[in-house]
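S.K.: Sequence:
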Amino acid sequence: EINRIENGRWSAFSMPDGIVYIQPNMLWRTAQTIARRRGDMSLTAAGGDETFRRNVIFSVVRKFREKGGVPDGILGDTFFSAKYKMKMRKKDGSVKEFKPSYTPFKAEAFAGRVSELEAKKEGTMLKDIFEVLPRSNDDE
Numbered sequence: 001e002i003n004r005i006e007n008g009r010w011s012a013f014s015m016p017d018g019i020v021y022i023q024p025n026m027l028w029r030t031a032q033t034i035a036r037r038r039g040d041m042s043l044t045a046a047g048g049d050e051t052f053r054r055n056v057i058f059s060v061v062r063k064f065r066e067k068g069g070v071p072d073g074i075l076g077d078t079f080f081s082a083k084y085k086m087k088m089r090k091k092d093g094s095v096k097e098f099k100p101s102y103t104p105f106k107a108e109a110f111a112g113r114v115s116e117l118e119a120k121k122e123g124t125m126l127k128d129i130f131e132v133l134p135r136s137n138d139d140e
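Residue 2 in the working numbering is what sits at position 2 of the sequence shown, and the numbering runs on without skipping anything.
There may be inaccurate statements among the hints.
Stated by the list, open to error - Lysine-lysine pairs mimicking DSS-like chemistry, simulated, CA-CA at most 25 Å apart:
1. K67 - K106
2. K87 - K127
3. K85 - K99
4. K63 - K106
5. K91 - K63
6. K85 - K106
7. K99 - K67
8. K106 - K83
9. K85 - K120
10. K127 - K90
11. K120 - K90
12. K127 - K85
13. K96 - K83
14. K63 - K87
15. K120 - K96
16. K127 - K83
17. K96 - K63
18. K127 - K99
19. K127 - K106
20. K87 - K67
21. K87 - K99
22. K99 - K83
23. K120 - K87
Said to hold, decoys possible - Here are the computed distance ranges between Cβ atoms for each label pair:
24. R4 - G76: 22 to 32 Å
25. K91 - M41: 40 to 50 Å
26. N25 - K85: 14 to 24 Å
The set of hints was computed from the structure by calculation and includes no laboratory data. Ideal placement from N, C-alpha and C gives every residue a C-beta, glycine not left out.
Full structure from sequences and hints, please.
M.R.: Have a look at this one:
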């Protein structure tokens, strides 16, 4: 799913600095898919229980953190995502700014090298993302 675009949207992308940014909803959808493949329908049955969904996402991030897959110092121990300011160069040369929330991971958690993930961006608008920085309270 990393660096894949569907209907002009993406759920996860990598940056050359070795960080992969994933939308928390993608973590939830992936957990549901894995559970279904194992014959466990509990995540599907939870439906719209927001607290349950958040706990599942937090558990996924905690497991990655335990295995060294989450960069140090970006997420507090009680958070599963952070707010970012993201900049993308448009075709006309102007810059479009987004203010999303993502869960950051180390690229090594998904690929042997960052270059493997970055190669998947070829021919996509994801190549135009040039900056992703943590948002401060002033950026709200």
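S.K.: When the hints from earlier in the document are held up against this structure, which numbers fail?
M.R.: Violated hints: 5, 7, 14, 17 and 20; rest satisfied.
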